[in-house]
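Assemble the whole structure, with the sequences as input and the hints as a guide.
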Amino acid sequence: MSVERRKFLKMAGLTALGLAGGAPAKVLGQDNAFADTAAEAVVKPIERSGALTAKRWAMVIDVRKCQEAGECTKCFDACHLTHNVPDFDNPKDEVKWIWKESFEHALGDQDHEYLNDAVKHAHMPVLCNHCDDPACVKVCPTGATFKREEDGLVMIDWHRCIGCRYCMAACPYGSRSFNWRDPRPFIEDIQPDFPTRSRGVVEKCTFCDERLARGQLPACVEACEAGALVFGDLEDPESEVRKLLAERFSMRRKPGSGTQPEVYYLL
Amino acid sequence: MIEHALKGDKRYWSWVATLLAVMGIGFFFYLRQYNEGLTVTGLSRDVSWGFYIAQFTFMVGVAASAVMVVLPYYLHNFKEFGKITILGEFVAIGSVVVCMTFIFVDMGQPFRIINVFLYPSPQSMMFWDAVALSGYLVLNFVISHITLGAERKGIAPPKWIKPVIILSIPWAVSIHTVTAFLYAGLAARPFWMTAILAPRFLASAFSAGPALLILVCLLLRKLTKFNVGKEPIQKVAIIVTYALAINIFFVLMEVFTAVYANMPEHLSHFQYLFVGLHGHGNLVPWMWTSTVFGLVALGLLIVPKTRRNETTLVMACILLFISLWIDKGLCLIIAGFVPNPLHYVVEYVPTLPELAISAAVYAMGLLVVTGLYKVALSVRKQL
Numbered sequence: 001m002s003v004e005r006r007k008f009l010k011m012a013g014l015t016a017l018g019l020a021g022g023a024p025a026k027v028l029g030q031d032n033a034f035a036d037t038a039a040e041a042v043v044k045p046i047e048r049s050g051a052l053t054a055k056r057w058a059m060v061i062d063v064r065k066c067q068e069a070g071e072c073t074k075c076f077d078a079c080h081l082t083h084n085v086p087d088f089d090n091p092k093d094e095v096k097w098i099w100k101e102s103f104e105h106a107l108g109d110q111d112h113e114y115l116n117d118a119v120k121h122a123h124m125p126v127l128c129n130h131c132d133d134p135a136c137v138k139v140c141p142t143g144a145t146f147k148r149e150e151d152g153l154v155m156i157d158w159h160r161c162i163g164c165r166y167c168m169a170a171c172p173y174g175s176r177s178f179n180w181r182d183p184r185p186f187i188e189d190i191q192p193d194f195p196t197r198s199r200g201v202v203e204k205c206t207f208c209d210e211r212l213a214r215g216q217l218p219a220c221v222e223a224c225e226a227g228a229l230v231f232g233d234l235e236d237p238e239s240e241v242r243k244l245l246a247e248r249f250s251m252r253r254k255p256g257s258g259t260q261p262e263v264y265y266l267l
Numbered sequence: 001m002i003e004h005a006l007k008g009d010k011r012y013w014s015w016v017a018t019l020l021a022v023m024g025i026g027f028f029f030y031l032r033q034y035n036e037g038l039t040v041t042g043l044s045r046d047v048s049w050g051f052y053i054a055q056f057t058f059m060v061g062v063a064a065s066a067v068m069v070v071l072p073y074y075l076h077n078f079k080e081f082g083k084i085t086i087l088g089e090f091v092a093i094g095s096v097v098v099c100m101t102f103i104f105v106d107m108g109q110p111f112r113i114i115n116v117f118l119y120p121s122p123q124s125m126m127f128w129d130a131v132a133l134s135g136y137l138v139l140n141f142v143i144s145h146i147t148l149g150a151e152r153k154g155i156a157p158p159k160w161i162k163p164v165i166i167l168s169i170p171w172a173v174s175i176h177t178v179t180a181f182l183y184a185g186l187a188a189r190p191f192w193m194t195a196i197l198a199p200r201f202l203a204s205a206f207s208a209g210p211a212l213l214i215l216v217c218l219l220l221r222k223l224t225k226f227n228v229g230k231e232p233i234q235k236v237a238i239i240v241t242y243a244l245a246i247n248i249f250f251v252l253m254e255v256f257t258a259v260y261a262n263m264p265e266h267l268s269h270f271q272y273l274f275v276g277l278h279g280h281g282n283l284v285p286w287m288w289t290s291t292v293f294g295l296v297a298l299g300l301l302i303v304p305k306t307r308r309n310e311t312t313l314v315m316a317c318i319l320l321f322i323s324l325w326i327d328k329g330l331c332l333i334i335a336g337f338v339p340n341p342l343h344y345v346v347e348y349v350p351t352l353p354e355l356a357i358s359a360a361v362y363a364m365g366l367l368v369v370t371g372l373y374k375v376a377l378s379v380r381k382q383l
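Protein chains in written order, with the numbering used here: chain A, 1 to 267; chain B, 1 to 383.
Quick caveat, the hints were computed from the structure, so don't treat them as lab data. Heads up, some of the hints might be wrong.
Derived DEER-like restraints, expressed as beta-carbon distance ranges [claimed, not checked]:
(1) B:Leu167 to A:Glu113: 51 to 61 Å
(2) B:Val346 to A:Pro192: 30 to 40 Å
(3) A:Glu150 to B:Pro158: 49 to 59 Å
Every residue, glycine too, gets a C-beta built ideally from N, C-alpha and C.
Here it is, written out as structure tokens:
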């Protein structure tokens with residue numbers, strides 16, 4: 001998808017240049033090479049200085065550390081505030097990007113009667129798993145939801161989404177929410193640097209692509225004072241996430257669904 | 001030819017007016033849904049598809065079922081179906097219109113639906129469903145228009161239409177297969193993820209669709225001079241019987257696999273449907289009604305005496321249509337979402353706006369079929 005988008009930008013850029021610069025260029029007797037190089041400059045990906053980049057972003061959640069923090073909701077609050085997630089206060093219209101589930105519901109297929117209390121009563125944040133082979137991307141009939149090849153983020157184009165909700169049926173993690181109604185009146189404190197959504201489109205966690213581009217960690221990771229959320233590059237053997245996965249026993253949600261989730265739980 | 005649909009007696013116009021009234025009420029509710037969003041439906045984060053998508057699924061089957069009269073007539077030269085083939089094709093056209101409208105009213109951003117064609121995504125089954133359905137609509141429109149037009153002029157239809165008709169046969173099978181693939185390809189929904197879903201869809205469609213056609217033919221015989229004759233009805237009844245028996249067999253295979261294998265992820269949906277789950281069982285009475293109606297209909301159809309008797313045949317057709325509608329047009333889609341992938345049981349009940357909009361969509365389909373039937377019967381001077 002990103003390739004298509006780039007192609008589009010290139011075309012748009014060329015068209016704009018053609019309209020604006022084409023006529024004078026002709027008058028001056030210059031050939032089109034000038035316009036082409038200018039267009040290349042326009043479509044070059046924006047290299048922000050200090051942007052955080054990776055080959056494969058992943059998150060490791062230390063359930064023990066999360067437990068020690070008790071009834072903490074800092075990561076949820078930070079995420080939902082940052083991304084203008086509305087609060088409808090009813091489960092039917094609910095939109096959520098990251099929330100708390102018990103072991104039984106989050107990692108349910110490993111639940112049993114005699115599970116030790118620490119795990120049984122453990123609660124852990126759940127969010128979009130930014131799967132390596134995302135079921136939602138496969139089913140989307142318009143390419144509105146897509147996987148960014150350079151770093152594995154699963155994203156949604158809120159201007160292309162037709163609201164068919166096929167992705168919600170396909171997601172094995174219930175990570176996607178639909179805007180059943182206009183969310184804007186239900187956002188207490190609108191953040192102007194992040195878009196609000198219109199009704200009728202699907203949304204979910206983005207791994208904070210907009211913050212990564214500014215060199216910031218995801219909002220939930222930054223907000224977690226217990227250090228339970230660790231974010232990093234899975235393809236970098238020296239990264240914190242890889243070290244934690246090498247040291248501790250980890251689980252992923254529904255490994256049997258074949259989606260290769262990239263959120264890992266340390267128990 | 002279409003002018004025939006614009007002339008009619010008082011009875012015709014009062015029927016049309018009734019349909020328009022139902023459509024008007026539904027349109028009013030749709031405007032509300034359009035302004036407020038799909039929050040006016042009973043849908044939620046957990047049950048994100050409901051009544052609309054279930055009706056779509058059921059009606060794709062009715063649309064596909066036209067092949068059950070087209071195939072014997074054109075491929076086996078089964079002359080007795082000569083009179084009803086056009087009726088089957090018109091039901092198919094009306095049904096596809098209904099299907100497409102149900103998809104439209106289910107969209108969060110209905111006016112962006114064109115994106116499906118602007119950004120074709122062949123890895124998505126929904127893209128193929130859109131292609132298959134539009135193609136099927138065009139095929140049936142062309143075929144019925146050409147054959148009926150030739151009939152009106154009293155000439156044989158042009159030769160090129162034959163391969164088009166042949167193409168429409170596998171195409172009919174494909175629309176319902178692709179519709180089943182929409183669901184059967186989802187690892188997240190074990191209830192649907194069964195290889196037998198597409199065959200089961202076809203069996204239930206080839207039972208419910210022709211049963212509807214029998215009822216329509218008998219109704220037309222009562223209301224008009226159109227008389228399809230006793231034998232074709234009986235032949236269609238035999239198709240209905242086999243298809244229903246196969247469908248029930250397929251359902252039992254599904255139940256066996258789920259119950260005997262005892263895998264919670266598969267079993268829990270059947271529990272929800274037949275006995276209820278964690279104290280939730282909205283669909284239990286519906287599912288049992290469907291089961292009993294289906295079995296009674298099968299009995300009435302298998303016994304030659306009750307199949308030949310038109311009163312009991314009509315009863316059987318009505319019972320099986322209700323049974324299969326409950327099964328596919330209600331339970332199948334909803335139960336796929338209950339319990340949800342996080343093992344929560346969240347129930348869904350359609351709301352009044354949802355039902356009114358659905359009634360309007362059906363009324364629109366009926367209006368299309370009424371108009372087309374009016375044309376066909378006027379051309380044949382059988383009104």
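Verification of the hints:
no., hint, in the structure
1, B:Leu167 to A:Glu113: 51 to 61 Å, "holds (58 Å)"
2, B:Val346 to A:Pro192: 30 to 40 Å, "holds (35 Å)"
3, A:Glu150 to B:Pro158: 49 to 59 Å, "holds (56 Å)"
Going through the hint list in order, the structure satisfies each hint without exception.
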